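K.L.:
One-letter residues, chain by chain:
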Amino acid sequence: AQTVTQSQPEMSVQEAETVTLSCTYDTSESDYYLFWYKQPPSRQMILVIRQEAYKQQNATENRFSVNFQKAAKSFSLKISDSQLGDAAMYFCAYRRSGGSNYKLTFGKGTLLTVNP
Amino acid sequence: DTGVSQDPRHKITKRGQNVTFRCDPISEHNRLYWYRQTLGQGPEFLTYFQNEAQLEKSRLLSDRFSAERPKGSFSTLEIQRTEQGDSAMYLCASSLPRTLNREKLFFGSGTQLSVL
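As they're listed, the protein sequences go chains A and B. Here the numbering used here is used: position 29 in the first sequence is 36, and no number is missing along the way. Here the numbering used here is used: position 96 in the second sequence is 353, and no number is missing along the way.
Extracted from the complex, chain A is given alone in its bound form:
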């Protein structure tokens, strides 16, 4: 079974600074997808960024980028120029490729605090 581990229960960053959230995963599959979701106090999970395992290039979305290390099974999220609105719970998630079920396996999350 696939597992996702987020070893940082909490992180904090100063506004405008950069922070990196860690995620490791375990799978025997060679093709899969990895995601970072944000869950603000409103509770609605919002997709931040997605990475296909077959792509070597790291995904980027504006101030958000990932460092995907397939051999090490590591998938960290870097947030640049942190903003107060980035404060939220961040979840790393895995999905196997193929099939019709977009079932996600989530980590336990990292609570990010942004200090003004």
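Worth flagging that the hints you see were computed from the coordinates, not collected in a lab. Take the hints with a grain of salt, since some may be wrong.
[Claimed, not checked] In silico lysine-lysine, DSSO-like type, Cα no more than 27 Å apart, as pairs:
| hint | chain 1 | residue 1 | chain 2 | residue 2 |
| --- | --- | --- | --- | --- |
| 1 | A | 115 | B | 361 |
| 2 | A | 85 | B | 361 |
| 3 | A | 115 | B | 314 |
| 4 | A | 115 | B | 268 |
| 5 | A | 110 | B | 361 |
| 6 | A | 110 | A | 77 |
| 7 | A | 62 | A | 110 |
| 8 | A | 85 | A | 110 |
| 9 | A | 62 | A | 77 |
| 10 | A | 62 | A | 115 |
| 11 | A | 80 | A | 110 |
| 12 | B | 314 | B | 271 |
| 13 | A | 115 | A | 77 |
| 14 | B | 268 | B | 328 |
| 15 | B | 328 | B | 314 |
| 16 | B | 268 | B | 314 |
| 17 | B | 361 | A | 62 |
| 18 | B | 328 | B | 361 |
| 19 | A | 115 | B | 328 |
| 20 | B | 328 | B | 271 |
| 21 | A | 110 | B | 328 |
| 22 | A | 115 | A | 85 |
| 23 | A | 110 | B | 271 |
| 24 | A | 115 | A | 80 |
| 25 | B | 328 | A | 80 |
| 26 | A | 80 | A | 62 |
| 27 | A | 85 | A | 62 |
| 28 | A | 77 | B | 271 |
Note that the structure is predicted; figures quoted are calculated from it, not measured.
Starting from the structure of chain A, add chain B where the hints point.
P.N.:
Chain B only, in chain A's frame:
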């Protein structure tokens, strides 16, 4: 399009009572998912529908849980004879067919269940 809607937002019940939650996915989304999120954990997959067909159920979904999507639109999740361990947030998500929008799940804001 108002996104995925869940009702109620909060539910407090006494142990042994039955509860039912409703999820209205984004229109034209044929796939619908239920997840459960307990305190300090990431969401865990419960069940998945493609149109009205329930295609996968997690082992987490005991016999006391039942989910339906009778017309392939809204879905209900019922918990019978609730137990204190059922206290959690129940999240619903929906997505388009795979060929139209790969991988993207849209989540609702969840129903927070408290069993006293």
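K.L.:
Sort out which numbered hints this structure fails and list those numbers smallest first.
P.N.:
19, 20, 23, 25 and 28
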